[in-house]
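A.B. asks: Here's the letter readout for the chains.
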Amino acid sequence: MTAVAEAPAAVGAVKSFTVTIKIRRFNPEVSPDPTWQEFQVEAHATDRVLDALHKIKWEQDGSLTFRRSCAHGVCGSDAMRINGRNRLACKTLLKDVNPDKPITVEPIKALPVLKDLVVDMEPFFASYREIMPFLITSGNEPTRERLQSAEERARFDDTTKCILCAACTSSCPVFWTDGQYFGPAAIVNAHRFIFDSRDEGGQQRLDILNDKEGVWRCRTTFNCTEACPRGIQVTKAIAEVKQAMIRRAF
Amino acid sequence: MQTHQYDVVIVGAGGAGMRAALEASKDARTAVISKLYPTRSHTGAAQGGMAAALANVEEDNWEWHTFDTVKGGDYLVDQDAAEILAKEAIDAVLDLEKMGLPFNRTPEGRIDQRRFGGHTREHGEAAVRRACYAADRTGHMILQTLYQNCVKQNVEFYNEFYVLDLLTDHDLTTEELPDDVEVNATGVVAYDLATGEIHVFQAKAIIFATGGAGKIFKTTSNAHTLTGDGMALAYRRGLPLEDMEFFQFHPTGLAGLGILLSEAARGEGGILRNSDGERFMERYAPTIKDLAPRDIVARSMANEVREGRGAGPNKDYVLLDLTHLEPAHIDAKLPDITEFARTYLGVEPYTEPVPVFPTAHYAMGGVPTNVQGEVLRDSHNVVKGLYAAGEVACVSVHGSNRLGTNSLLDINVFGKRSGRAAAAYAKTVEAHLPLPADPAAAVIAELEDMRSRPDGERVADLRKTLQETMDANAQVFRTGESLNAAIEVIKDLQRRYRTVSVQDKGTLFNTDLLEAIELGFLLDIAEVTVLAAINRKESRGGHYREDYPKRDDVNYMKHTMAYRRPPVASDVADGHIEGYFDHVENLDGYKVVLGSKPVIQTRYEPKERKY
Chain C
1 MTAVAEAPAA VGAVKSFTVT IKIRRFNPEV SPDPTWQEFQ VEAHATDRVL DALHKIKWEQ
61 DGSLTFRRSC AHGVCGSDAM RINGRNRLAC KTLLKDVNPD KPITVEPIKA LPVLKDLVVD
121 MEPFFASYRE IMPFLITSGN EPTRERLQSA EERARFDDTT KCILCAACTS SCPVFWTDGQ
181 YFGPAAIVNA HRFIFDSRDE GGQQRLDILN DKEGVWRCRT TFNCTEACPR GIQVTKAIAE
241 VKQAMIRRAF
Chain H
1001 MQTHQYDVVI VGAGGAGMRA ALEASKDART AVISKLYPTR SHTGAAQGGM AAALANVEED
1061 NWEWHTFDTV KGGDYLVDQD AAEILAKEAI DAVLDLEKMG LPFNRTPEGR IDQRRFGGHT
1121 REHGEAAVRR ACYAADRTGH MILQTLYQNC VKQNVEFYNE FYVLDLLTDH DLTTEELPDD
1181 VEVNATGVVA YDLATGEIHV FQAKAIIFAT GGAGKIFKTT SNAHTLTGDG MALAYRRGLP
1241 LEDMEFFQFH PTGLAGLGIL LSEAARGEGG ILRNSDGERF MERYAPTIKD LAPRDIVARS
1301 MANEVREGRG AGPNKDYVLL DLTHLEPAHI DAKLPDITEF ARTYLGVEPY TEPVPVFPTA
1361 HYAMGGVPTN VQGEVLRDSH NVVKGLYAAG EVACVSVHGS NRLGTNSLLD INVFGKRSGR
1421 AAAAYAKTVE AHLPLPADPA AAVIAELEDM RSRPDGERVA DLRKTLQETM DANAQVFRTG
1481 ESLNAAIEVI KDLQRRYRTV SVQDKGTLFN TDLLEAIELG FLLDIAEVTV LAAINRKESR
1541 GGHYREDYPK RDDVNYMKHT MAYRRPPVAS DVADGHIEGY FDHVENLDGY KVVLGSKPVI
1601 QTRYEPKERK Y
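If you're matching them up, the sequences are chains C and H in order. Sequential numbering of the first sequence, starting at 1, is according to the working numbering. Sequential numbering of the second sequence, starting at 1001, is according to the working numbering.
Honestly, I wouldn't trust all of these hints.
DSSO-like cross-link-like pairs, simulated, lysine-lysine; straight-line CA separation at most 30 Å [unchecked claim]:
| # | chain 1 | residue 1 | chain 2 | residue 2 |
| --- | --- | --- | --- | --- |
| 1 | C | K22 | H | K1607 |
| 2 | C | K22 | H | K1218 |
| 3 | H | K1607 | H | K1558 |
| 4 | H | K1558 | C | K212 |
| 5 | H | K1491 | C | K55 |
It is worth saying that the hints were derived from the structure and are not from the lab.
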């Protein structure tokens, strides 16, 4: 085809609008209590919540603190609660979260808040490490690559997409009330190996997840699936791990 | 302040740093210091693939790969290093597969391969399928797999620690030291973002794997955190930076945003079109068209726009057309990048072409190293115990233009090499060398000064000016005039940087303070990039001078080496060549002196570069 489509409306458009961002602030050096603070930001149609946070930090209040790096949804640094839902700030366009009303931004829940939108990620990564998130094999390594059919590879494709942003785990009501629960992200990463045809550590991982803080705590509320910025079918993955545990087959 | 002792300290936890850590930690007490959690590193944003002549889907061999790398780099590549890269590529890919990396597979169950720009069979006859890949998130899979194996191997990490100084046993900032003086790296000074505490790491060997510096530009595929820290620290300590004028602009950034859309889009059949719908790459690279190397494609796109054939209301971008591909094929091979087009531009790639324009992507230059990863202090002497790998380093396997998929390869091959070499070297060192007296004094003073200044200009305002200046004057097309305009702005910004202030005066998670420090790195990297570009009066690879549009092998077939020196130092640096590698720029309080380093040629005579 040689016909050229019309330029998409968002590109080159200069229409701007003012948006109110309401942020939950916390700085233990200043006060032991969190407070809400509102900022007005001039924004464009392609701007994301992260752009608004940057404008605040760079033009109004340098002390506003949040993590970010890649700014396009692959590094997993900037998961936060935006209008009550866990999302990546760099993947959420302001125009898509109703900029006519104040947009609320809070840290993700159930992990200790260290400053503003920054939480302590250590408990999250500790759960991840516990499920042995690495390929387990026995015997000599093959000379060339291990063979794996396209179908076998497809079996765990969905859970390889995880960027460890913690949006799922910190959206889980079970995790909110019980921080000991492994949480969806750890189970997703266990799934990634349990269903990898090359892996031989499935039984060990299932034993770990059969623990009282393991997969059986999941109440299938689907918060995690809704929260995942990578579109992983998290609840389905957890269900598959449960089934594997019952059948001991994967 | 805390002090730690390790055999090997690795700075940076992207692909190169973690690949090095997997090697070093097997044999030596190793720590990895990273300003991000390892899985946040920008290796994870790499998309298309990792080159290796596995010949899984068609005939291929490492010699063709070597040739393509040399030609792709417009012959400024060190050919011994390129040969190592291409030969060791095969094991590098197999290593990753054995570590668990979920590559896409062929019907026979082997690692699948696809086409990528500049990778050919029979020395340029036609595109070859050499890129091993995992959908369009190969970098994500590499980063995850390396981190997983670091977890397995209990590698010790210091996360969210910013390394702010490199310690050596000789001062290299004043003059070049004679060949018989042995210079040793002894440690690094780091700042713990969470607490504000200073940590001194004493080490027998140090590996810099700090990545690139794309944030000197406004339009870039690079993360906010890619501020050239490792390069700038080396440069400030008197070490040279090599070939900094060569910066790669990736052809297909999302228009206006710079977010990367992988070259795999063209490898899978995507076509670039101008406002007339013309497949314009047929005019610029008749044989391999849209799969020409990135420098050529980026320049062709910019030229289309300049000559009025750009698309869109402002005619300022071209179009990446995937609409002739089956949606199922797009979903299987290019799921993430098509999602980016939908999320950020509201464009549906199944039915609409995607607006794209070149985006600053990769520094070919960096801290000079030999093929073991050892850092050079001039054209021929190494700093003992100091290594660099990945984008921060210049081996040079990329010359003046890197081929797509060669960077994921570079981090694996030279990450592994430097990790092994560093651990082996550490074993030969009996005791840690003494650190300088009060090793953290300079860093503490710099931070305290920045934190306690009276209200001055904002960091963000200076950074914006820098980035806009670099986009306007040092991008795909450059002239002596544009570059001189850029250096004047940079000089002014360097002066103003001394009085910028931060609003956050606290000690916990003070990202305001660290952004100010990072701006200092960016200014230094921009300074050396522009000065090297001013000096190189030819066009080669990613460096295109409109006032000198031809490649000049007679006078410029050399690597640029840039040194920062005090005002009183000699104007003649190592590798000084009168009339060609002799630029001296006086700045406020110091000067930058350029020299050169020979290019290593083995098999391939430089030829005109046609595709």
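A.B. asks: Next step is simple, just say for each hint if it's right about the structure.
C.D. replies: Here is what the structure says about each hint:
Among the hinted pairs, C:K22 with H:K1607 is inconsistent with the structure: their alpha-carbon atoms are about 60 Å apart, more than 30 Å. Simply put, C:K22 and H:K1218 have alpha-carbon atoms about 28 Å apart, close enough for the 30 Å limit, and the pair holds. Distance restraint check for H:K1607 and H:K1558: the Cα-Cα separation of roughly 16 Å lies within the 30 Å cut-off, and the hinted pair is therefore satisfied. Restraint check for H:K1558 and C:K212: the C-alpha separation of about 65 Å exceeds 30 Å, so the hint is violated.
This hinted pair checks out: H:K1491 and C:K55 have alpha carbons roughly 26 Å apart, not beyond 30 Å.
In summary, the structure is inconsistent with hints 1 and 4 from the numbered list given earlier, while agreeing with the others.
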